[in-house]
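Residue numbers (my numbering), protein chains in the order written: chain Z, -15 to 101; chain L, 74 to 184.
What the hints contain is simulated information worked out from the structure, not anything from laboratory work.
A hint or two may mislead.
Derived BS3-like pairs (lysine-lysine); straight-line CA-CA distance at most 30 Å [claimed, not checked]: (1) K(-3)(Z) with K181(L); (2) K115(L) with K181(L); (3) K181(L) with K41(Z); (4) K115(L) with K(-3)(Z); (5) K74(L) with K141(L); (6) K141(L) with K41(Z); (7) K141(L) with K181(L); (8) K41(Z) with K(-3)(Z); (9) K115(L) with K74(L).
Next come the chains, spelled out residue by residue.
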Amino acid sequence: KAGVTQTPRYLIKTRGQQVTLSCSPISGHRSVSWYQQTPGQGLQFLFEYFSETQRNKGNFPGRFSGRQFSNSRSEMNVSTLELGDSALYLCASSFQPGQGATGNTIYFGEGSWLTVV
Amino acid sequence: KQEVTQIPAALSVPEGENLVLNCSFTDSAIYNLQWFRQDPGKGLTSLLLIQSSQREQTSGRLNASLDKSSGRSTLYIAASQPGDSATYLCAVISGTYKYIFGTGTRLKVLA
């Protein structure tokens, strides 16, 4: 059974550009969550999608957006990149919505490393 | 606002030692608490989830305890091995089912 797949694994962008990251969840999982990890702020929740609907979101500016497709694959987009957006972006999938809910095991991908120069 | 702190930030121990990692949270109104490990450059792997009504959970050499009233959780690792070297993160889950992650403890077990 394939795990959570994130593409691309590494990318370098210039300040002001936009970037799209992709996440393919485990087969059968319909919930996808996104997180940003930086040395300064640690791991922070971005948003969660279930059945193509955003169910939950963290405290990030509108430059950060996401969507989920009918096959449960998800993309996140960051527009007008800033140096501070350099981070590891992690995607996670689970069968049901609700992070940390009892019995709802969550699986993380290996992440996409974004460097903004 | 919920804040989650982990102490120590880094820990280096010889192989075979028993060790305790600490996690503190400021708001005791949590739903669950979960411990994860993260290997360098990788995603997270769930280790243990403790429901708010539980006091502890065990899996192999790992034991996690939860004291909601004092806002603390500990992860006990018995007979540590070099393969345990990783960053350990705790995350509290509120009623809105969002993870709030701790600052992490970077563990190195020396052979």
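Now for the hints, and whether the structure bears them out:
Annotation: proposed proximity of K(-3)(Z) to K181(L) is violated, straight-line Cα distance about 33 Å (limit 30 Å). The straight-line distance between the Cα atoms of K115(L) and K181(L) is roughly 16 Å, inside the 30 Å bound, and the hint therefore holds. Of the pairs offered as hints, the one joining K181(L) and K41(Z) is violated, with about 34 Å between alpha carbons and a cut-off of 30 Å exceeded. Our distance criterion of 30 Å between C-alpha atoms is met by K115(L) and K(-3)(Z), whose separation comes to about 21 Å.
Restraint check for K74(L) and K141(L): satisfied, since their Cα atoms lie roughly 16 Å apart, inside the 30 Å limit. In summary, the hint linking K141(L) to K41(Z) is supported, as the alpha carbons are separated by about 25 Å, within the 30 Å threshold. For a cut-off of 30 Å, the pair hint linking K141(L) to K181(L) stands: about 28 Å separates their Cα positions. As the CA atoms of K41(Z) and K(-3)(Z) are separated by approximately 25 Å, the hinted pair is consistent with the 30 Å bound.
Between K115(L) and K74(L) the alpha-carbon distance is near 29 Å, which keeps this suggested pair within the 30 Å criterion.
Consistency with the previously given hints fails for numbers 1, 3, ordered from lowest to highest.
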